[in-house]
Amino acid sequence: MGDSAKRVREYLAGGLLALGVNLLMLQLVAASQGVPGLGWGELMDRWGWVFAPFVAVHILGGVLGGYLVSLRRVGESFTPGVATAVMAYVLEYIYQILFEGSFHGSLWALICLVGGGVFGSIASEAGGMRRRRRS
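Numbering (my numbering), first residue to last: 9 to 143.
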């Protein structure tokens with residue numbers, strides 16, 4: 009398998025992980041409010057406070073995906089985090105359009121995922137530098 013195909017697989021895996029975190033938390037928030045099956049948009053329309061978990065979950069998904077992919081892509085600073093976040097955004101957009109009909113908060117999701125992905129990449133690189141200094 010070529011290096012570019014391996015990269016795409018890693019970015020896709022990180023994106024799916026970030027999407028999984030987002031969808032899991034979406035279902036937990038919806039179930040805790042007694043309305044399982046609603047999407048982020050409907051939840052935010054009913055309750056304004058749901059926007060804070062929406063932002064936090066997207067940042068967390070971006071950090072997790074960006075960090076784990078950056079561990080495999082040593083020496084690349086922001087690229088793994090941004091590519092993973094964009095992949096997660098595309099996958100979430102497809103999911104939202106297919107199953108929810110629209111994607112409320114789409115711009116916020118992109119900003120939070122990319123910000124989290126960049127932070128995850130930076131954290132991974134910082135951890136790698138510390139490990140290299142110790143050895």
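Hints were generated in silico from the structure; no laboratory data involved. Certain hints may be false.
Restraint ranges, calculated between C-beta atoms of paired labels, are given here [claimed, not checked]:
1) E84 with G28: 36 to 44 Å
2) G10 with L32: 15 to 23 Å
3) W57 with V82: 15 to 23 Å
4) A39 with F59: 15 to 23 Å
5) F59 with L24: 18 to 26 Å
6) A39 with S12: 21 to 29 Å
Backbone N, C-alpha and C fix where the C-beta goes; we use that ideal spot for every residue, glycine too.
Okay, the hints, checked on the actual structure:
Distance hint check for E84 and G28: the Cβ-Cβ separation is about 23 Å, which falls outside the suggested range of 36 to 44 Å. The beta-carbon spacing between G10 and L32, approximately 33 Å, falls outside the hinted interval of 15 to 23 Å. At about 40 Å, the CB distance of W57 to V82 disagrees with the hint of 15 to 23 Å. At roughly 18 Å, the beta-carbon separation of A39 and F59 lies within the given 15 to 23 Å, and the hint holds.
Hint check: F59 to L24, Cβ distance near 24 Å, so the stated range 18 to 26 Å holds. Take A39 and S12: their Cβ atoms lie about 40 Å apart, and the range 21 to 29 Å is violated.
Violated hints, listed in ascending order, are 1, 2, 3, 6; each of the other numbered hints is respected by the structure.
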